[in-house]
Amino acid sequence: MAFVEISNIAKRFGATVALDHVNIQLQKGEVHALIGENGAGKSTLMNILAGHIKPDSGTISLDGKPYIPSNPTDARRHGIALIHQELSLCHHLTVAENILLGMESSVAGWIDHREMRRRTLEVLKTFPHPDITPESRVSDLSIAARQVVEICRAVASKANIILMDEPTSSLQRYDVDQLFSLIRKLKHEGLCVVYISHFLEEIREIADRYTVLRDGKSISTGTLDSVTNDQIVAQMVGRSVESLYQPHQHPTSRDVLLQVRDLQCPGVKNASFDLHRGEVLGIAGLMGAGRTEMIRALFGLSPIKSGSILLNGKPLSLKDSPATRISQGFGYLSEDRGGEGLGLSLSIADNITATRYSTCSQFGWIDLGKQQSQAMDWVRTLAIKTNNALQPVRSLSGGNQQKVALARLMHQDIDILLLDEPTKGIDIGSKVQIYEAVERCVSAGKAVLLVSSYLPELFGKCDRLAVMCRGVLSQVRPIEEWTPESVLEMAIGGIQKGSDQ
Amino acid sequence: MAKAEASIQQEPPVAKKTGVKGHASSLLGRLVPFFGLIFVIAIFAILTRAPGQYLSPVNLRIVLSQTVIVAIGAIGMTVIIISGGIDLSVGSVVALTGVVTALGVANGWSPSLSILAAVALGGFIGLVDALIITRLRVVPFIATLGMMGIARGTAKWLGKEQTVNAPNTWINGLAVTFPNPPWLIVPPGVWTALILAVLIALVLRNTVFGRRVFAIGSNESAARACGINTDRLKLWIYGIAGLFFGLAGVMQMSRLTQGDPTVAVGIELDMIAAVVIGGASLNGGEGTILGSMIGALIMAFLRNGCQQMGWPSYYQEIIIGTIIVLAVAIDRQRHKLS
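In order, the protein sequences belong to chains A and B.
Take the position in the first sequence, starting the count at 1, then add 133; the result is the number in my numbering.
Residue 225 in my numbering sits at position 234 of the second sequence; the count goes up by one each step and never skips.
Since the hints were derived computationally from the structure, they do not count as laboratory data.
Please note that a few of the clues may not be correct.
One-sided excerpt, in silico: chain A residues whose CB lies under 10 Å from chain B [as the list claims (entries may be wrong)]: (1) Gly184; (2) Gly197; (3) Ile201; (4) Pro205; (5) Leu234; (6) Met236; (7) Ser239.
Ideal Cβ placement from N, Cα and C applies to all residues, glycine included.
Hey, can you work out the whole structure from these sequences and the hints?
Listed below in structure tokens is the structure:
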């Protein structure tokens, strides 16, 4: 009998199936890797175990007893601790206060500082770190040290199942080694660690068994010794390329519009590429690899350390603001639609014309009728489901919101479209319309930089492709020279197999 | 071909950043309000050309007794602001509880009972604020903005839109400049504020409640995930702070020797300013009682200095406004450094 039995867990968010009858068994004293592409359902599953989300159906048994946590506190009481990608510590408090938060030592309400210190030191003895003392303030610690604090908190709460969601995504190799020795200790003490990572070499190093999730289904499970990396990758990719992504070819233009050389910025160590008129250049990679950071830096939203950007052969300043970039002919579609992509409470018309009011205004005075009719033109072109351009964007579905965001770029009528995950989390119908719109832009001689985590989309829509791995952008190669397996391997390991041309 | 082999760059194990720098700057940051206070006192000692008079025991007593109301309120406000909240209703609560104190005495209640009623009413209003915030999910800014009107209206209703006269009792002596008996040196109100400030400073530093106030202000979702009942904690926070606002109302009545439903308009802004000048962040998670008390004193010495100089009151307003902006700007700068 397994320590934890997850059977037939299913969860939908609106029309999206996040988990489709997942089955996993976890044992005491094992590190169990959960493997899958972005959107395969790994995080949803972790959130269900940690009590943040309730499943629609299915059962979980913990130590033989049925277990469905009603909230995070309940999960904690059952000995389950989740360590997020973004750590959840109180930065203003000390290490001891963070580790013992919610279970402080006290006498009649007054903190027993000595006892707090003793308990903290006891935990820290097992997981020592040079910078951490019970009295250090968390805000003064490095990311790696904060992670140790978070692990100590899980241990101090007597957790026996620790869920780690991509714990190494913001760590250097040295810190990863430290983390792994901590995980091995946890394992020796009989804890069960569920480890989510994209990096197969890391998983091989630390995990005993694995489960592959794909499209919300548990595809396979077993010991890592009995499977090769190629087999795992095949299980991850495994889906047939839908007819939606019929490969297409644009007449290759040799007209270089944008040249980026040795770009360095926070999250990106090195990126160089050429972007031609009339092409879609795809950027593949894992979440957190530095793709979003790269295009944000190009658009002036985050600082660039070094490198050069040439537009039509002329160098651009690295310090330009987004406003200047827009005037230079850049357009940016954010991955974070609600956060920075759209003004959700503003009307469709306001959102579409936001980057180019000049088409419907004079001397700062907006001709509202003109603004509306221009917006309605885009509403029809992109088949946005509304008959009123004054409707707030908030009232539209995700797919239609995304079409509004793209309509803004098209209304802007610029040369370079930087698209970050333009079809993330939207329905098939809207996807098709967005692809058609991108197609229109390309045939009008514009250049598209498409960041996507969805391989069929990249293979169906791109002329050329490069892969970002841990801040380093690979060489750009024509799409025919890539296979889904080689892209994934490149993204996971940063090593290009069979690259001899 | 070789170029394509962009492999993972492995970082050598280098020494990590340590917390030494951060500690030094946070200690410095805590001293900033203190330097500010010394600076203000020094400036006016020089400007008035009579440092002996400006720093005379009489004048110090005047300043201290003038600051009692803001100081007591700022203690409660500090707790709320550290928890990431805000209370805009304090001015109205002070007027209401002042009226209640006067009404009590006027109706023949003993002074102690009248004070108890006023303080309890303050605490009750705090609880209502917290219930609005936690049950109805209204943000503190709006919840207490509403309470501002409700409490002010109730004060006018109870006082029949007039000041409420009360017979002379020992309450009137709580915040006078020259205390009776004289060996008290400063009025009982100042001693009360001092004792309560020390008490709450200890509570914030050394009790489970106090540390959880910091935790909820620092990262509310983390606090909840660690099993802290954040809704109940907020009831305690606003309830306890309300007791202080009720006591501030008693002091207000004591200084006026009557209950005035129209008094103390905007005094919450003075309290918020004191807390912020003292180094607290409106985002929650940081703040100290000592800092808030220094903040209150800075404003009191400024007001007093301007009066001594014979400057019109609009000078004070402009200077205090500038000080608030400067204090927060310095604080931001300090955060950027650390």
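Inset, instruction - Answer holds if the nearest beta-carbon of chain B is closer than 10 Å to that of Pro205(A); otherwise answer violated. - result: holds (5 Å)
Inset, instruction - Hold the hint about Gly184(A) up to the distance rule: shortest CB distance to chain B must be less than 10 Å. - result: holds (9 Å)
Inset, instruction - Closer than 10 Å between Cβ atoms is the bar; does Ser239(A) clear it against chain B? Give me holds or violated. - result: With a closest approach of 5 Å, the Ser239(A) hint holds.
Inset, instruction - Against chain B, run the beta carbon of Gly197(A) and see if the smallest gap drops under 10 Å. - result: violated (24 Å)
Legend entry - Interface hint outcome for Leu234(A) [beta carbon to chain B under 10 Å]: holds (4 Å)
Inset, instruction - Closer than 10 Å between Cβ atoms is the bar; does Met236(A) clear it against chain B? Give me holds or violated. - result: holds (7 Å)
Inset, instruction - With a cut-off of 10 Å on the beta carbons, see whether Ile201(A) makes it to chain B. - result: violated (18 Å)
Violated hints for the displayed structure, listed by number in ascending order: 2, 3.
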